[in-house]
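There are 2 protein chains.
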Amino acid sequence: MTATPETNATRGTTEATATGPTTSMNQENQVTGATIWLTGLPSAGKTTIAYELAGRLREEGHRVEVLDGDEIRTFLTAGLGFSREDRHTNVQRIGFLADLLSRNGVKTLVPVIAPYADSREAVRKRHQASGAAYLEVHVATPVEVCSERDVKGLYAKQAAGEISGLTGVDDPYEAPESPDLRIESHTQSVQESAAALYALLAERGLA
Amino acid sequence: MTATPETNATRGTTEATATGPTTSMNQENQVTGATIWLTGLPSAGKTTIAYELAGRLREEGHRVEVLDGDEIRTFLTAGLGFSREDRHTNVQRIGFLADLLSRNGVKTLVPVIAPYADSREAVRKRHQASGAAYLEVHVATPVEVCSERDVKGLYAKQAAGEISGLTGVDDPYEAPESPDLRIESHTQSVQESAAALYALLAERGLA
Chain A
17 MTATPETNAT
27 RGTTEATATG
37 PTTSMNQENQ
47 VTGATIWLTG
57 LPSAGKTTIA
67 YELAGRLREE
77 GHRVEVLDGD
87 EIRTFLTAGL
97 GFSREDRHTN
107 VQRIGFLADL
117 LSRNGVKTLV
127 PVIAPYADSR
137 EAVRKRHQAS
147 GAAYLEVHVA
157 TPVEVCSERD
167 VKGLYAKQAA
177 GEISGLTGVD
187 DPYEAPESPD
197 LRIESHTQSV
207 QESAAALYAL
217 LAERGLA
Chain B
17 MTATPETNAT
27 RGTTEATATG
37 PTTSMNQENQ
47 VTGATIWLTG
57 LPSAGKTTIA
67 YELAGRLREE
77 GHRVEVLDGD
87 EIRTFLTAGL
97 GFSREDRHTN
107 VQRIGFLADL
117 LSRNGVKTLV
127 PVIAPYADSR
137 EAVRKRHQAS
147 GAAYLEVHVA
157 TPVEVCSERD
167 VKGLYAKQAA
177 GEISGLTGVD
187 DPYEAPESPD
197 LRIESHTQSV
207 QESAAALYAL
217 LAERGLA
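The listed protein sequences correspond, in order, to chains A and B. Heads up, the first sequence is in this note's numbering, so the first residue is 17 and it goes up one at a time. Heads up, the second sequence is in this note's numbering, so the first residue is 17 and it goes up one at a time.
Think of the hints as simulated: they come from the structure by calculation, not from any bench. Every value quoted in this text rests on a predicted model; they were computed, and no experiment measured them. Note that beta-carbon positions come from the ideal geometry of N, C-alpha and C, so glycine has one too. Heads up, some of the hints might be wrong.
Not everything, but these chain B residues come out facing chain A in the computed CB check (under 7 Å) [to be verified]: (1) F91; (2) F112; (3) N120.
Simulated crosslink set (DMTMM-like; lysine to aspartate or glutamate; CA at most 25 Å straight-line) [as the list claims (entries may be wrong)]: (4) B:K173 with B:D84; (5) A:K141 with B:E160; (6) A:K173 with A:E160; (7) B:K173 with B:E160; (8) B:K141 with A:D84; (9) A:K168 with A:E68.
Calculated Cβ distances over 10 Å to all of chain A for the following chain B residues [said to hold, decoys possible]: (10) T105; (11) V122; (12) A133; (13) A145; (14) D166.
Chain A extracted, bound-state conformation:
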């Protein structure tokens, strides 16, 4: 695997901005990839916010992929369990994929729990090494709110003793100490959360 340099297509696009009919959009940014990792507890709202943001970015002409945790698990990381080691491998593998996409111009949204600080740090370092932008977003919904939402019924199952190892309840979640953005999803709408994230991208020259 080798890094891809900035292409002439990028430069050509920049030139078009000055003369083309679509000057309202910053076309140069559309080929600037980035990984936006949304970490947080189950039912924190990670996936919902990711798809809300994805819709807006796509409308604006960005290439976008959402690496949905469950979908990835059924395919790319099938066979991995929920031990600390397997969770780490899962996050590294998704991080590998995200880096590959983002360094090729894709806005890659990753709504995946990623409970361990060292796993997230390793993913950040991989992006630093390849030169791809990487943003860590903590969807900081309190566990009390998450367990009431309980989108997948996991909190109920844990309470009933049917499952164990639920992140934030009887399995560790190491909250990021200094994420690029912390979203208090329980105090605002999904649209507001996605808008805050969009504003961060714009501030970093990525949207």
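Using the hints provided, position chain B relative to the given structure of chain A.
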């Protein structure tokens, strides 16, 4: 995971072709992705041809990734062995990754043995479903030539009884019946093989 539509960036780039200083290159094609899977025996020359082609494409401004079998194995598919089932899983996982890249505008070269016809067919179908271009290239170097080259010493080890399950010797290789291109790498130089592949891409509007 969701498909990415053609972006306005693509159109902007096309416009630039008419006015920019880089009109000698077909910039529209530079954002058209494709997976080029090079299947063949160990030491057939798959990786060498892939990197030769990658260099030319990169020079022309294409986004390019080479999903090198050994490198992928150490990371994305660690833990998989060489049973029929594991080889199938390996190929599907790499196919998943290649599809994701190619539908996002990347020329994705995959020099990976992929010994089973049904595994390769599943990868082709995945690309058809997503709308990404997919080309199957058979690097058809005869086993006698491969075992003489023996880049990784695998044929020698098998002959010495140190390993077993070597594709084309004591493990199956189902040669493609109608690949998009068959390369007789033993009758021509690496440059000639890569040029034949480049010509195919050009013919399909991909280079």
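Here is how each hint holds up against the structure:
The criterion of a C-beta within 7 Å of any C-beta in chain A is met by B:F91, whose closest approach is roughly 6 Å, and the hint holds. Checking B:F112 against chain A by beta carbon gives a least distance of about 6 Å; that is within 7 Å, so the hint holds. The interface hint given for B:N120 holds, since its Cβ lies 5 Å from the closest Cβ of chain A, which is under the 7 Å cut-off. Pair hint B:K173 plus B:D84 holds up; C-alpha atoms about 22 Å apart against a cutoff of 25 Å.
For the hint linking A:K141 to B:E160, the alpha-carbon distance of about 44 Å lies beyond 25 Å, and the restraint is violated. For the given pair, A:K173 sits about 15 Å from A:E160 by alpha-carbon distance, which is consistent with the 25 Å threshold. This hinted pair checks out: B:K173 and B:E160 have alpha carbons roughly 15 Å apart, not beyond 25 Å. With a C-alpha separation of about 22 Å, the suggested pairing of B:K141 with A:D84 holds against the 25 Å cut-off.
Proximity of A:K168 to A:E68 is assessed by CA-CA distance (about 19 Å); at most 25 Å being required, the pair is judged to hold. For B:T105, the non-interface assignment is contradicted: its Cβ lies about 8 Å from the closest Cβ of chain A, within the 10 Å cut-off. Some Cβ of chain A comes within 10 Å of the Cβ of B:V122; the nearest lies about 5 Å off, and the non-interface call is violated. Here B:A133 stays apart from chain A, with its beta-carbon at least about 21 Å from theirs, past the 10 Å limit.
No Cβ of chain A comes within 10 Å of the Cβ of B:A145; the nearest lies about 14 Å off, and the non-interface call holds. Chain A leaves B:D166 outside its interface by the beta-carbon criterion, the shortest separation being 24 Å against a cut-off of 10 Å.
Hint check: violations occur at hints 5, 10, 11; the rest are consistent with the structure.
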